[in-house]
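Q: Each chain is listed here by its residues.
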Amino acid sequence: MENTAIAASLALVACATAGIGISYATAKAVEAVARQPEASSKIQTVMLLGAALAEATAIYGFVIALLMIFTK
Amino acid sequence: MEGFGEKIVEVMASNRIDIHMFGYTIPISNAVITMWIIMAVLIVLSIVFTRKFKTIPEGKQNVVETIVELINKLTESSLGHHWRLFAPYIGTVLLFLVFANTISIFNIIPSGEQLYHMTHIEALKEFPDFNLLPPTKNASVAMGFAVMSMVAVIVSGIRVKKVKGWLKSFIEPVPILLPFKILDYFIRPLSLCFRQYGNVLGAVIIMELLYCALPAFLPGVVSIYFDIFDGILQAYVFVFLTSLYIAEVVE
Chain S
-5 MENTAIAASL ALVACATAGI GISYATAKAV EAVARQPEAS SKIQTVMLLG
45 AALAEATAIY GFVIALLMIF TK
Chain U
12 MEGFGEKIVE VMASNRIDIH MFGYTIPISN AVITMWIIMA VLIVLSIVFT
62 RKFKTIPEGK QNVVETIVEL INKLTESSLG HHWRLFAPYI GTVLLFLVFA
112 NTISIFNIIP SGEQLYHMTH IEALKEFPDF NLLPPTKNAS VAMGFAVMSM
162 VAVIVSGIRV KKVKGWLKSF IEPVPILLPF KILDYFIRPL SLCFRQYGNV
212 LGAVIIMELL YCALPAFLPG VVSIYFDIFD GILQAYVFVF LTSLYIAEVV
262 E
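Going down the list, the sequences are from chains S and U. Final position of the first sequence in the working numbering is 66; the numbers increase by one with none missing. Final position of the second sequence in the working numbering is 262; the numbers increase by one with none missing.
What the hints contain is simulated information worked out from the structure, not anything from laboratory work. Glycine included, C-beta positions come from ideal geometry on N, C-alpha and C. Heads up, a few of these hints could be off.
Stated by the list, open to error - Derived BS3-like pairs (lysine-lysine); straight-line CA-CA distance at most 27 angstroms:
#1 Lys22(S) - Lys84(U)
#2 Lys172(U) - Lys84(U)
#3 Lys192(U) - Lys172(U)
#4 Lys36(S) - Lys22(S)
#5 Lys84(U) - Lys71(U)
#6 Lys84(U) - Lys36(S)
Stated by the list, open to error - Calculated from the model, a selection of chain U residues having no Cβ within reach of chain S, i.e. all distances over 10 angstroms:
#7 Val52
#8 Arg206
#9 Gly209
#10 Asn210
#11 Gly213
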């Protein structure tokens, strides 16, 4: 059981990487909006999409952790 | 801490309701029943909202036109001049997923027993229980949607390019890429499925933990993000990726 807990917490390292990815995308989007405020709506959709895609890695980690804990 | 783990197991399990008919037992899972409810609501709404159209829109026709225009614009931006063929499918999946992912906002309404505990009024005990969980928290439902969009990708590729052109697209630009192109058809539905399933399940688990840790006020605020915003965003991402895959095949 202890090994499973360690493995699950290691799988959640993916969440940290997703955080880095999303923050990078957001920073770039803010820069782009500051440079070109008239394109903000387009930038917003692209940024949301990119953030959702980057979030997928965190979700994979989460799903794998759940599977490790709850499937014997 | 034991209570939390049990709560998570309870949320993750898909409860079944057995229907006994003609000597057979038909197990029906919770997700299917929730989807029936969503289907009924969508069908009734679409019948009510699309009656008696006029040239100059007014009232509820404005709402329908806004939604349809939004879907058309979404498909047109990613699919180019083929959008007319795929807009109905994309729109249907988008509407269904938006309803399916945000259905857990009805959890905010307390059940009859909770109301009875709070007020001690006997009549409130009969109040119906709105404990609906989004069906996409079930991996099989999410996989069903992912397989559906992959079938749509294959069918649209064959329809637009004909069989010969579609088969030829596997070995273009270089034949070395053939295994990867075939692998694409298995990895894409998996990633679509896990994205949808993981996001919704994560939101459901967090909301359920909040409900049992802090039952007052806070869940209502957090639910705006986890139930409404996240659900709509994931539905949007799902159909956007589907239309992106279709566009890649159709080009």
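Q: Next, verify each hint and record whether it holds.
A: Hints, verified against the model:
1. Lys22(S) - Lys84(U): 26 angstroms, holds
2. Lys172(U) - Lys84(U): 24 angstroms, holds
3. Lys192(U) - Lys172(U): This hinted pair holds, its Cα atoms lying about 17 angstroms apart.
4. Lys36(S) - Lys22(S): 14 angstroms, holds
5. Lys84(U) - Lys71(U): 20 angstroms, holds
6. Lys84(U) - Lys36(S): 13 angstroms, holds
7. Val52: 26 angstroms, holds
8. Arg206: Non-interface label fails for Arg206(U): nearest chain S Cβ at 5 angstroms, not farther than 10 angstroms.
9. Gly209: Violated, because the least Cβ-Cβ distance between Gly209(U) and chain S comes to about 3 angstroms, which does not exceed 10 angstroms.
10. Asn210: 6 angstroms, violated
11. Gly213: Check fails; 6 angstroms does not lie beyond 10 angstroms.
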